[in-house]
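**Q** Listed below, chain by chain, are the residues.
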Amino acid sequence: MSYLSKVRESNPLVHNITNIVVANFSANGLLALGASPFMADAHEEVVDIAAFSSAVVLNIGTLNDYAIQSMVLAGQSANKHGVPLVLDPVGAGATSYRTAVTQKLVNEMQITALRGNVAEVANVIGESWSIKGVDAGEGDGDVVVLAETAARKLGCVVIITGKDDVITNGDNTYIASNGHPILKKVTGTGCLLSAVVGAFLAVSEGASLEAAVEALSFYGVAAEIAAELTTGQGPGSFQIEFLNQLSLVTAETYQDKSIIKQLR
Amino acid sequence: MSYLSKVRESNPLVHNITNIVVANFSANGLLALGASPFMADAHEEVVDIAAFSSAVVLNIGTLNDYAIQSMVLAGQSANKHGVPLVLDPVGAGATSYRTAVTQKLVNEMQITALRGNVAEVANVIGESWSIKGVDAGEGDGDVVVLAETAARKLGCVVIITGKDDVITNGDNTYIASNGHPILKKVTGTGCLLSAVVGAFLAVSEGASLEAAVEALSFYGVAAEIAAELTTGQGPGSFQIEFLNQLSLVTAETYQDKSIIKQLR
Amino acid sequence: MSYLSKVRESNPLVHNITNIVVANFSANGLLALGASPFMADAHEEVVDIAAFSSAVVLNIGTLNDYAIQSMVLAGQSANKHGVPLVLDPVGAGATSYRTAVTQKLVNEMQITALRGNVAEVANVIGESWSIKGVDAGEGDGDVVVLAETAARKLGCVVIITGKDDVITNGDNTYIASNGHPILKKVTGTGCLLSAVVGAFLAVSEGASLEAAVEALSFYGVAAEIAAELTTGQGPGSFQIEFLNQLSLVTAETYQDKSIIKQLR
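Residue numbers (the working numbering), protein chains in the order written: chain A, 1 to 264; chain B, 1 to 264; chain C, 1 to 264.
Extracted from the complex, chain A is given alone in its bound form (with noise of 0.2 Å):
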């Protein structure tokens, strides 16, 4: 059975400390896919959540002191009770204190998959990287280097997104090529990924670079048929029609025209 059937099937509980310009957005599209989104950053209980989820996922999108240490809680207990977690750096580069909190949050747990775009991965791991035009194209092998050196660094899947993404463990990696660019028009669409990767690796039992692979291959087909249903329309028409996708999409639908390459 496909991880996505499996989503729709057992509807697994996602745990998201995530910030206020996508909370609705990850919420909905969550939903959409069939998973069962939980937004909690209370000290008081994101131990508990993180304990009883499926998956924990952490998006420092508008970080602050308060919901780094949310993050730190919950990312243990997720470590401890052997819950998947994925990490969104959102803007890890772009202010030093962006930049010393994923460091700080990588030491401190253990990250099952990272997700971003190049130069956030790259300021994860103590490399800089030129945060403007940066795209992983397939034959750039500096980003695919870039990946599996983080992949290896922080011993977990990392997936860094761009005009192709590649997807890896250190020791097998994947370039997938489906998505639009219209993805960037609307806020929140990289949070999203990172949130259902999350959804996928709860169902994964441990097969995370398998279940990474085929949640950008479900996204990425998803955004491709809703851009094209509402070509020329704009990115608000596409948001939601996006969103729909998320929830009629079939596993038969992405397999079939997911454009996956393995490099090794």
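FYI, nobody ran anything at the bench for these hints, they're computed from the structure. Any given hint might turn out to be false.
Stated by the list, open to error - Cross-link-like lysine to aspartate or glutamate pairs, in silico, DMTMM-like; alpha carbons within 25 Å at most:
| hint | chain 1 | residue 1 | chain 2 | residue 2 |
| --- | --- | --- | --- | --- |
| 1 | A | K104 | C | E44 |
| 2 | B | K185 | A | D65 |
| 3 | B | K184 | A | E9 |
| 4 | B | K104 | B | E148 |
The structure displayed is predicted, hence computed values, not measured ones.
Assemble the complex: chain A is given as a structure, and chains B and C must be docked to it using the hints.
**A** This is chains B and C only, laid out in the frame that chain A set:
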């Protein structure tokens, strides 16, 4: 005149202390309905805002200690000034923290209406209830008994939503059967219902039970129409059409389609 | 070249310190327009972000003491680095706390543009004004006088929105008459306008008044087109189409439909 017409005529100010997931959707739903939302939780101003509002709605979705204190201040101010007060105990029972917070809130203020699912309401009054797979069926005496027990214990209207909804003040009890399952695929539809109940209470002149019953009918019928108009399209389209219908459905429409049964 | 074209060409970074109700809508509106939103309020990073942004927009929608201090830090950093600074004094006058906060903000930093309704602007400069039912009609001399007084007192562009909008720097004054009443049925349309003004100021090279006038025309025309395309459908559909139009409307379109009158 129907309570809906009164809301649309007087645009009551509804003060919401709510969460980062549903704040936007709740505000847009209240505006569509014809009410005036005011979202604010600063300790320095909630006492004032609650005092001059026509209803106060407290929602613990992404609670923390600061927001709880805001709720206590606003709730007590609402009580002092005779302003109807709605509590949505999101996730009560899911963590001991949430259970404790909701019990603290009902102890420190007099709620006018409590709106939650069966597990949430049970936990507010200290009864345990399994959280998963519980719906308030018409023939499910236990849910009715629970609602009536809670209403008497708290001295307020209790609304338990599920497949069917129970609305009671402890003496008179109604079952409302409008609505649509796709509501569960959009985050915050329960929270927005609580806010809509607040708007109806704002114009109820003390007839809380009747106003709550009418709010449930209105909301359920709007959902049914929106679901029919977006059949097969997905939760994105439903969400938008639902906002449309909250502004378009008239008292005549929902009174015509309303499925209400008085139990006693 | 129009300011709109400059925004779309340079994608200016707009730093927003805003509220939980409108953060998502503001970010999506800025993205649709062609700007790059950055929402962040942590004290550890707002000074840095304001410094490298092309505009800073402060919105007190769901203010609290932490966010106010964030605004002071970001505003003073914007001033130091010559970055245009917009203030949206949401609800000034509704509570004494809000009034005091807005007065503190304008005292501790130099605003480039203030955008509010007539009651909000009046309260920022310490004049009382009835909050309900006040619109800036073309023939309403008092609103124009208020706007010009505020502009001179604060040394900035003042934009008072209502049925018609007044835009002035104290010396030159314009009345803009585009827009549509359904804007009031969608939460955050005023807040997003303030953010859009920020994006236009970001590319204004000091021509703040001209950029603000153009921003108002663009925004009003986009609303008119969206309202026409969704006639009779409701505020949900309007909201989505409005986001579409923010990405679709060209400088030619809004310059053609713009209704601007220079008073002096």
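**Q** Does each hint fit the structure? Answer for all of them.
**A** Hints and how they fare:
1. A:K104 <-> C:E44: holds (15 Å)
2. B:K185 <-> A:D65: Between K185 (chain B) and D65 (chain A) the Cα gap is close to 32 Å, so the pair fails against 25 Å, i.e. violated.
3. B:K184 <-> A:E9: holds (16 Å)
4. B:K104 <-> B:E148: Holds. K104 (chain B) to E148 (chain B) sits at ~20 Å (cutoff 25 Å).
The structure fails to meet hint 2 from the earlier list, while all remaining hints are met.
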